[in-house]
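S.K.: Chains A and B supply the protein sequences, listed in that same order.
The first sequence begins at 1 in the numbering used here and counts up one residue at a time.
The second sequence begins at 1001 in the numbering used here and counts up one residue at a time.
FYI, nobody ran anything at the bench for these hints, they're computed from the structure.
Since we're looking at a predicted model, the values are computed, not measured.
Hints should not be assumed to be uniformly reliable.
[Said to hold, decoys possible] Distance ranges between label pairs, derived from CB positions: (1) A:Ser137 with B:Arg1104: 21 to 31 Å; (2) A:Leu126 with B:Asp1124: 46 to 56 Å; (3) A:Ser137 with B:Asp1034: 45 to 55 Å; (4) B:Phe1017 with A:Thr8: 21 to 31 Å.
[Claimed, not checked] In silico DSSO-like cross-links for lysine-lysine, where the CA-CA straight-line distance does not exceed 30 Å: (5) A:Lys130 with B:Lys1038; (6) A:Lys63 with A:Lys130; (7) A:Lys9 with A:Lys71; (8) B:Lys1038 with A:Lys9.
The beta carbon of each residue, even a glycine, is placed where N, CA and C say it ideally should be.
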Amino acid sequence: MEERIRPTKSGLFAIELLIAVGIFSLCAAICMGLFVRSEVMSQEAADLNRAVSAARSAAECYKAAGGDLEKTAELTGGGVLDAGTLFIEFDESWQPLPSGEAGAFELTIALDQTTDGQDIGYASALLEVKRYTRTGSEAVAEALLLWDIAALEVRP
Amino acid sequence: MKRGGGVSGAVSLVMIFCVLCLAVFAVLTLSTADREAKLARLTAENAANYYEADRQAVELLANLAAGRDIPADVDWAMTGGEEGTLVDLTLPVGEEQSLEVRARLSQDAGSWEILRWRSVYSGDWAADETIEIWDGP
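Next up, chain B with everything else stripped away, as it sits in the complex (with noise of 0.2 Å):
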């Protein structure tokens, strides 16, 4: 290097680099904003699904309790017993998820005793074969 100047194609060099690094963060940056904002909405979607079965499940225990008609395409279950009649409903929560529901309806005052209330996947699954396992001498 002389005197007064510069190393020629050492700048672009280090611009090249710079450039270089603030675009691939930028794009990892987004990537992943994005990301978060497609399982944000996945969340609240998922979530939308589960209250719009549970006031569906609500609906129809009421209706059952009132004795009034139960739509054709709901799948659920009623069976006698000493204790009160039990009630088992099935309703779909998005379209790999179901909301189980088994409720008792009391005799005397037409209340029910809630025995269960959750979701459960529904969906398709294979299990997994390929992970050789030890399963004993």
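Isolated chain A (complex conformation) (with noise of 0.2 Å):
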């Protein structure tokens, strides 16, 4: 007569542990999938909302000194490298960098060249916030604001 092996209880529930443990595993993976994701979403909605804060605050320098990118530095910080173009450095949680470091975020105020010179009565300007993402000597730019703004000059 052929012997027939019976599952005792313990057997049982060690299989639908192992499932519950496989289920676990495969949900947990998915939902921390989820989670950091939403944390991604977060940081790049928080790194808008810095953008915008700081590029409000240079246009309106940048307003207030009459379209004047010496003042204009004066006011926010950085430092007019180039002939005619701003630029504010940050690092990775907003905090303003000496003029001439490189950081993790770039905000330039560049003069619009095609009417700089000529007595048209305002200046107008390109002011853009950049994100720079390093990897080793290479740095990938992605843009977060473009605006054009414009100021009247301060006549004495």
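The task is to assemble the complex, starting from two chains supplied on their own in separate frames and drawing on the hints.
M.R.: Next up, the structure:
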């Protein structure tokens, strides 16, 4: 007569535990993916908010300075490195960096070269905020904001 | 419960509870992050619209001071006075806001004195009259 193996209760419990752990691991992996995605989205939203805040501040300083980049640099920090371009660098937590240092975010105000030197009564410029992703010596730039701004020239 | 065994189904119940909790929290976190991202994009778009209108206003004032032509589709008015010429401009900022500018052009130097530079809500609105408010004895 053939001998039949009857499953014990502890054996069934072990199988149930194994299946439960497997399903839980699968679901936990999917949920962790969602958590990571949420964190990335949240960080991007925070960066965009900080970029808008920094850009507004710089634009108002530019307007208050009557389109003079040197005066704008005195108000906002940063420096006029290229001719007609103001650079302000920020680190990953949006703290301003000393002039000339490469940061994770860069705000530039570039004077409109097409109207530069002409007496049109106002100064036009392009304000741009970029995020830099650095891998080794390479840096990939991604534009966060791009605004056309203008300031009435202050006459003495 | 027998020695060496386990409560049949208890593990599955605990697992289902944990998975449900994880799934609910993950979806809530994702929806919050999505709303944050949408709000940030909306704020950025609104700021970009404001500075576009701001740039147009500056350009128009400079053109007026220099006596250059103003585009026909711009809502503006000019009134002369003893203290100088008053100019009122209204420019759209997105769909539901507009930028109101009032400036005075001084007659001697040709420079502007800004009297008003503000963004106002210009969309439709309806007063809520459903709540009964006590208006005194």
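S.K.: For each hint, tell me whether it holds in the structure or not.
M.R.: These are the hints, each one checked on the structure:
no.	hint	verdict
1	A:Ser137 with B:Arg1104: 21 to 31 Å	violated, 55 Å
2	A:Leu126 with B:Asp1124: 46 to 56 Å	violated, 35 Å
3	A:Ser137 with B:Asp1034: 45 to 55 Å	violated, 35 Å
4	B:Phe1017 with A:Thr8: 21 to 31 Å	holds, 27 Å
5	A:Lys130 with B:Lys1038	holds, 19 Å
6	A:Lys63 with A:Lys130	holds, 21 Å
7	A:Lys9 with A:Lys71	violated, 82 Å
8	B:Lys1038 with A:Lys9	violated, 53 Å
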